[in-house]
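A.B. asks: Read off the chains here:
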Amino acid sequence: MIKIKDLEKIYRTEEVETVALNKLSLEVKEGEFVAVMGPSGCGKSTLLNILGLLDDPDGGSFMFNNIEVAHFNERKRADLRKHNIGFVFQSFNLIDELTVFENVELPLIYTGVKSAERKKRVEEVLDKMQIMHRRNHYPQQLSGGQQQRVAVARAVVNRPKLILADEPTGNLDSSNGNEVMQLLTDLNEQGTTIVMVTHSEHDARYSHRIIRMLDGQTVLENIMV
Amino acid sequence: MIYNYLKIAIRNLLKYRFISFINLFGLTVGLTCCLLITTYILHEISYDKFNDQHDRIWRITRSFNNPETGAQSLHLGTIAPPFAPLLKNQFSEIENITRLLSGGSATFRYGDKMFNEEDIYFADEQFFDFFKVNVVKGDPKTALNDPMSVMLTEEVARKYFGDAEPMDKMIRMDNQLTLKVTGVYKPLPSNSHFHPNIMVSFNTLKDSTVYGESNLRTNWSNNSFFTYIKVPHGFSPERLEAKFPAFLDEHMADVGSRFKPSQWTKLHLQKLTDIHLHSHLDYEAEENGDIKRVYIFSAIALFVLLIACINYMNLSTARSALRAREIGVRKVVGARRKEIIAQFLTESVIVCWLAIILAFALTWLLIPYLNQVSGQDLSINILLRWQVMVPLVLVPFVVGIMSGLYPALFMSSFQPVKVLKGMFKVGGGNVSFRKVLVTAQFAISIALIICTTVVYRQMNYMQQKALGFDREHVLSLPYINTLSNSYESFRNELLSNASVLNAGRSSRIPTSRLLDASGTRIMRGDSLAPVSADIKYVVADKDFINTYGVKIVAGRNFSRDFSTDSASFLINEAAARVLGFASAQDAIGKRMGYGGRDGQLVGVFNDFHFESLHQQIVPLVLFIPRNENTYNRISIKISGNNIPAALAHIEKTWKRFLPDVPWQYNFLDESYDRLYQSEQRQGTIFTIFAGIAIFIACLGLFGLSAFTITQRIKEIGIRKVLGASTTRIVTLLSRDFMILVAIAALIAFPIAGTAMYAWLQDFAYRTTMSWWIFPLAGIIALMVALATICFQAVKAALANPVKSLRTE
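For the record, the sequence lines run as chains A and B.
As numbered in my numbering, the first sequence has no gaps in its residue numbers, which increase by one up to the final residue, 225.
As numbered in my numbering, the second sequence has no gaps in its residue numbers, which increase by one up to the final residue, 808.
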């Protein structure tokens, strides 16, 4: 599904040049659950952003479903993203002014799904995330675990092939964290590819494979059994 | 999609109530100003357009000029009576012609009801072919045919006849004419350039006791007849005007002068619909408006709207920091840039919609007050037609998009990665654009402060200027011709009361215009020779000069001790100068001819402001008339000690001598105030709107500084931890804005200076534009800005830094 070769990303400010990704190569197969680990500043978030088509690389190749996307413009990236990729963030990133239902509905609006169909699909996914009873609440009225379940619901409502999770349990206590990890595992078992950045060895153990990064390169791969 | 936008827009409005309020309030006030001014402008440009054939009606005016220098001395909105029939005969393009003569004011009487009426006109039977009047009784085609017919407005008719039938009733005018009521009509709308209350049939003038048929045919010098022509579509005014000189030479050949008529007088054409805004002739039916005023107020409306829009842009952009995350999330879940732009534009259009609805309601509420202040007769109805409503419905889109586009473009460009990772900081380009906007707001405000100050100072100047005569406690009464036989005893009776100090008669009184002129001759060799100097005249009796406290600078006043004074002249200093006398003293005793008179110059009086300060002081001659009926006004100087007693005494005397004439008077200082009333009102309105503009600008600044400070709250915390004092922090936060105000001042000074210089040129006597007005305006703006910012800055500086630093 994802094939990356010699990917480069360099951040430049006026005086400092920071190499975030240094000729990184990586492959993720369909249906895999991959955890990316490494110390702060090793480039794992940059990798995730490029995988999520939120950022473009400065060099190298990025094949997504056998299409070269490294040089897509913003519009094409947005189109590809909204149909194929779901995101889960550490800080949930729900829109405060929208209810649970409306937050989850948002991706469907942008992909042009009809209203009746939207209602059906949102309810379906809220049900699955066991958050249906909170559908008319606003994010601030929910606990952290509930908010992250809403965020996961939003990530999967469009039935993406790939979910990118950036420290999804970082802001949660361990029981809520485990719940979210279980949700991701379930999704993976139903066929969704998952790439997750994490600091937590515990969370990483949910994955099939751990990629360890340092200074913009992969330094180690552990296959989990 | 739209539903989603609306939903989030409304929730955002409610969530950030403070900013939403400032935004909505600023925009509402701005739009209200615009609507009010639009109402005024639409009313101004609608003058006379209610007449069905307004585009085919022209007014003929007449100017006089010095045949030697060509300089124009007078331009009247009226012409002499013989012109109309001759013009109609000679020029086939004139389909119809109508004349209107102002009868000024007169006393009307029916039974025991007697009132003084104003705005009386003699109108001919063609009047209704030109002007659309709602005649409720009588036949407009015939009502003005017969001599001694009169038409009244409903209001006037009700005054005399109550609910009784007014038609065919006989009513007395000035105890002289008996007129038959042949029609009743509704008053002309406020956007007409004249408003007759009473129309007497023009044929009444043919009566020799009124004016006389031969006078109508031959009197070329009584230029007081408004004359309108109706022409076909596609008429060329230039072509007709070009034929006028030959026409004048042909018909006025026997008017005694050594020059051809076309050398010293001209006829002009004026479009009916141009009269109100473009005509400022020496004689008009009513005081007209001014296209310049329309421009000035249009500019103010635009400025206010601009300031309100800038506010919106500023506050929305500033707020964007708070919404960065939302935008990031939307982008991550698939929103394209144009969808984000659409969302923010929807929001600003909604705010504008709310604002315009509120503004419309406010306009409706405020119009009565505006009318009160401006002396206008405006109505919101003028806005209620499709030509206005359609653009009005579109305004929210235009203003919304105008003010929402920049924030939308700016916000939609956020990189989701950065905003979601908290790396987002408001970028440099954005900040400097906002600075440009704030500077623009301040520049407009400072310019408006300067303009307001200059306008105010000019108003003040006119109030305080030494006029060269005493206008306090001077009463002005109409001179009734029947007084002529018993005037001396009337005057003695008046003076018998100690409160009455003096009384004098004249053809015109100060505050009115000087429009009468004749040819002047002075001694050259041993005979009187004409001079080309243009000298105006006023007929005055022996007491006129003293009643007004005018100073004699050389020679003496007219005196009862000199029987020869019936042929003497008094001139002002300006006249002495144009006549070439070396000094005022030099003029005394010289022989002079004026019109048909020949006599001695006995005195020179000081150059006092007979006319308003709009006019230069012109050369003026006073003489005692042979016929006392040429007096029009009696002026009475009373002492200020007991005004009611003086008034009671004068009224008693009046009623004894003139039982048939209603007692009426006015104070000269009131007439004087009226001269500048339109400027006063303009000044007041200008001040109000300028104040509002400044207020909105401050509102924006208040919101903006609140935001800037919120954004710097962490910096402030760090500085405080490191030991910065509150004063230093306030200084730091204020400094940026102060620089903007300074730049704004530099932009505003030349613009406002140039504009006000041009405005002052309209006044012949004007205040100086003192240099201190400029720094004063700058300092006012600075103080307001400081006060606004300090409130926020002090709050931020006093806050506990621990709190702001812990939030990360």
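It cannot be assumed that every hint is accurate.
Claimed, not checked - Calculated lysine to aspartate or glutamate pairs in the EDC-like style (CA-CA distance at most 16 Å, straight line):
no. : chain 1 : residue 1 : chain 2 : residue 2
1   : A       : K128      : A       : D186
2   : B       : K180      : B       : D139
3   : B       : K7        : A       : E97
4   : B       : K271      : B       : E284
5   : B       : K230      : B       : D52
6   : B       : K338      : A       : E74
7   : B       : K7        : A       : D186
8   : A       : K120      : A       : E102
9   : A       : K76       : B       : E339
10  : B       : K15       : A       : E97
11  : B       : K137      : B       : D163
12  : B       : K338      : A       : D186
13  : B       : K15       : A       : D96
14  : B       : K7        : A       : D96
Stated by the list, open to error - Derived coverage of chain B by chain A (criterion: at least 3 residues anywhere in the stretch with Cβ under 8 Å from a Cβ of chain A; other residues may be distant):
no. : segment
15  : 3–9
16  : 333–344
These aren't lab readings, by the way, just hints derived from the structure by calculation.
For each residue, glycine too, the CB sits at the ideal point set by N, CA and C.
A.B. asks: Given the hinted pair B/K338 and A/D186, is their Cα-Cα distance within 16 Å?
C.D. replies: Roughly 36 Å between the alpha carbons, so the hint for B/K338 and A/D186 is violated.
A.B. asks: Holds or violated: A/K128 with A/D186, Cα cutoff 16 Å?
C.D. replies: Satisfied, since the Cα-Cα distance of roughly 11 Å is no more than 16 Å.
A.B. asks: For a C-alpha distance cap of 16 Å, please report whether A/K76 and B/E339 respect it.
C.D. replies: OK: A/K76 and B/E339 at ~14 Å, within 16 Å.
A.B. asks: Can you take a look at whether the segment 3–9 of chain B is actually covered by chain A? Rule is 3+ residues, C-beta closer than 8 Å.
C.D. replies: Three-residue rule met by the segment 3–9 of chain B, so holds; n is 3.
A.B. asks: Compare the distance between the alpha carbons of A/K120 and A/E102 with 16 Å, and conclude whether the hinted pair is satisfied.
C.D. replies: Between A/K120 and A/E102 the Cα gap is close to 13 Å, so the pair holds against 16 Å.
A.B. asks: Holds or violated: B/K180 and B/D139, Cα atoms, limit 16 Å.
C.D. replies: Judged against 16 Å, a Cα distance of about 14 Å means the pair holds.
A.B. asks: Is the Cα-Cα distance between B/K230 and B/D52 16 Å or less?
C.D. replies: Satisfied, since the Cα-Cα distance of roughly 12 Å is no more than 16 Å.
A.B. asks: Holds or violated: B/K338 and A/E74, Cα atoms, limit 16 Å.
C.D. replies: OK: B/K338 and A/E74 at ~11 Å, within 16 Å.
A.B. asks: Would the hint linking B/K7 and A/E97 be met if the CA-CA limit is 16 Å?
C.D. replies: holds (9 Å)
A.B. asks: Would you check the hint for B/K7 and A/D96, treating anything up to 16 Å between C-alpha atoms as holding?
C.D. replies: holds (12 Å)
A.B. asks: Run the distance test for B/K15 versus A/E97: straight-line Cα separation, threshold 16 Å.
C.D. replies: holds (8 Å)
A.B. asks: According to a criterion of three or more residues whose C-beta lies within less than 8 Å of a C-beta of chain A, is the segment 333–344 of chain B covered?
C.D. replies: Result for this restraint: holds, n = 6.
Going through the hint list in order, the structure does not satisfy hints 7, 12.
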